[in-house]
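K.L.:
Same order as they appear, the protein sequences are chains A and B.
According to the numbering used here, the first sequence is numbered sequentially starting from 1.
According to the numbering used here, the second sequence is numbered sequentially starting from 1001.
Incorrect hints may appear among the rest.
Stated by the list, open to error - To spell it out: a stretch of chain A is covered by chain B in this simulated footprint if at least three of its residues, at any positions, have a beta carbon under 8 Å from a beta carbon of chain B; those stretches are: (1) 183–192; (2) 298–307.
What the hints assert, rightly or not - Only part of the chain A face toward chain B is listed, based on derived beta-carbon distances under 10 Å: (3) A171; (4) I172; (5) D177; (6) Q179; (7) V216; (8) L310; (9) P311.
Don't read these hints as lab results, they were simulated from the structure.
Computed from a predicted structure; not experimentally measured.
The C-beta atom is built at its ideal place from N, Cα and C for all residues, glycine as well.
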Amino acid sequence: MKKKLLKWITWVVVLSGLLIIVGIASLCIGTTAIPFKKILPLIFEIREGVEYSILVDIRLPRILLGLAVGGGLSLAGVLLQGMFRNPLVEPYTLGISGGAALGVCVNIVLGFKSGIGGFSLPLSGFIGAAVVILAVYSLSARKGILKIHGLLLTGVMISFVTSSFIMLLMAISRAEDLQGIIFWIMGSLEEPKWSLINLAIGVSLLGLVLSYFLSVRLNALALGEEEARHLGINTETTKRFLFIIASLITGCCVAVTGIIGFVGLAVPHFVRMFVGQDHRILLISSFLSGAIFLIISDTIARTIIQPLELPVGVVTGIVGGIIFVYALTKRGVEL
Amino acid sequence: MIRRLITVFVLLIFYAAVFNFPLDAAESKENSNQARYPQRIVSLAPALTEALYELGADDRLKGCTTYCSKPEPAKHKEKIGTLIDFNLEKIVTLKPDLVLGMEFSDRRTIEKLKNLGYRVELFPSPKNFNHLCESFLRLGKMVGQEEKAKQIVMEAKQDTAFIREQAAGVKKLKIFWQLGAKPLFSATKGYFTNDYIEFAGGINIAAEASSGIYSREEVLKRNPDVIVIITMGVATETEKQTWKTYQSINAVKNNRIYVVDAYTYCSPTPKGFARALRELVVLLHPSIFKSNEEK
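Starting from the given sequences, assemble the full structure and let the hints guide the process.
P.N.:
Structure (structure tokens):
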């Protein structure tokens, strides 16, 4: 037991260290290279000029948002994969992203986008996500029992329905609205509002803390629902809480950044290869790794073909997918 | 389907154009003292870049997009990304005192620039030729070249008026103006390319459509005399061949399918509009062209 704990602590320390290194590297790298030794003086002493502005107003918010969203999506992935005992489930499978996207599309097409400052799009995204969460939940909850397979199928169907509606809206919308929709669907860590960044960080961290109350139950659920019940776990309450936590994190992340794929699917698997199946270590490791992965991806996206910036989803998909498949074949690990 | 729409959208943006902005109250009072006008301008759209060159403000243009290739020297200006994805850091390092963008530029990046205290002026896509001219005049005023802008607009208006007059005398042709394939995309009334067709003495068969996506059946039914295809890379030639399989269309029968350059037609300045219009009239009514030559 002691040995296990030691191993876990090592992992957390290593991953946290990596996260800090990646964060600092990402601060230094960009169109204008800012050397590492200039960073501290810039932030604490000089506090003005173009370089300070690039560092604090442009790069820092993106890194923090990358941490929140990368961590949040990976965490949601772990929770849902654990709950469904299905390796193909990811935060977007349940139609939450579709709902958010539809909310944003309706908002853009109806032309509310200038309202309530810049909050109107994220807000409509969140409302869309919340509607889908409620719909999926209430459709698959019968007599107080949440049917796992029903939940999954309902979610998948709702995500098809929403994506069809989005296509419908895109087909009939004006060219000017079309680009708004596409910008949003492509997903980006560029977010001008600090309040939204803080919100995303808050929700992700809160999700992490809350999910720890369920980590032991998740381990039990991994054995199967029947077995978990025999172990004295109230599976219904557990499933309900898991679903709500994962959906809310996903809904918030998607509402703020748009759709950034792959993080929630691949990171949990990748982490499982190294730290094992125990959710007590899996949750925190996935959160940290997801954050590292998204920050690296975003740094690549904004630097690889300067001065152009790629959508971050392109990088998460290509880089992540290749590394993932490589690791899978190399280690011969079964999902 | 989404991918196709994205292609159409990218093409549209790529083609899309120009100006108009809220009139800056402070600016109307300004005199001709050049130093009081923006000295470090960054342009986020090809049409804006071209307009700055026409206005003679290109020495103050410090950065533009990779698509800004007209006129030739614009290719060598500092590049800040594309119309869709521009690099915020790059813009900031250029220390602009005026950033010119389109209303469809990415909301988040624009808002960020504004938050950082940069002056950002946005321009809607032009709805018609007059709208285009108004925007051009305002841009002129903004960069301190009002007189020059007026002069250019006046000349462009005279040019187009002359061409309209000439074209008015001939039999009107039904025209299908194709902006994109898969889905078939055309210019409706609210889009400035509609003016090309009307000024050149044509009838835009898609003018009344509610959105640009147009059905091929409808094209067959309306039977255009001419089909104009805007260049769209590899798809252009395929599209031309596709149309040729529909022998019932007059345009096909009389071999009147024309391919025109996207750069010329889709991101114009008033001057560029007049030039493109003249080119189109030559295509549509070769007889007018001859009489012009004689003059």
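K.L.:
Would you mind marking each hint as holding or not holding in the structure?
P.N.:
Status of the hints after comparison with the structure:
no.: 1; hint: 183–192; result: holds (count 6)
no.: 2; hint: 298–307; result: holds (count 3)
no.: 3; hint: A171; result: holds, 6 Å
no.: 4; hint: I172; result: holds, 5 Å
no.: 5; hint: D177; result: holds, 9 Å
no.: 6; hint: Q179; result: holds, 5 Å
no.: 7; hint: V216; result: violated, 41 Å
no.: 8; hint: L310; result: holds, 7 Å
no.: 9; hint: P311; result: holds, 8 Å
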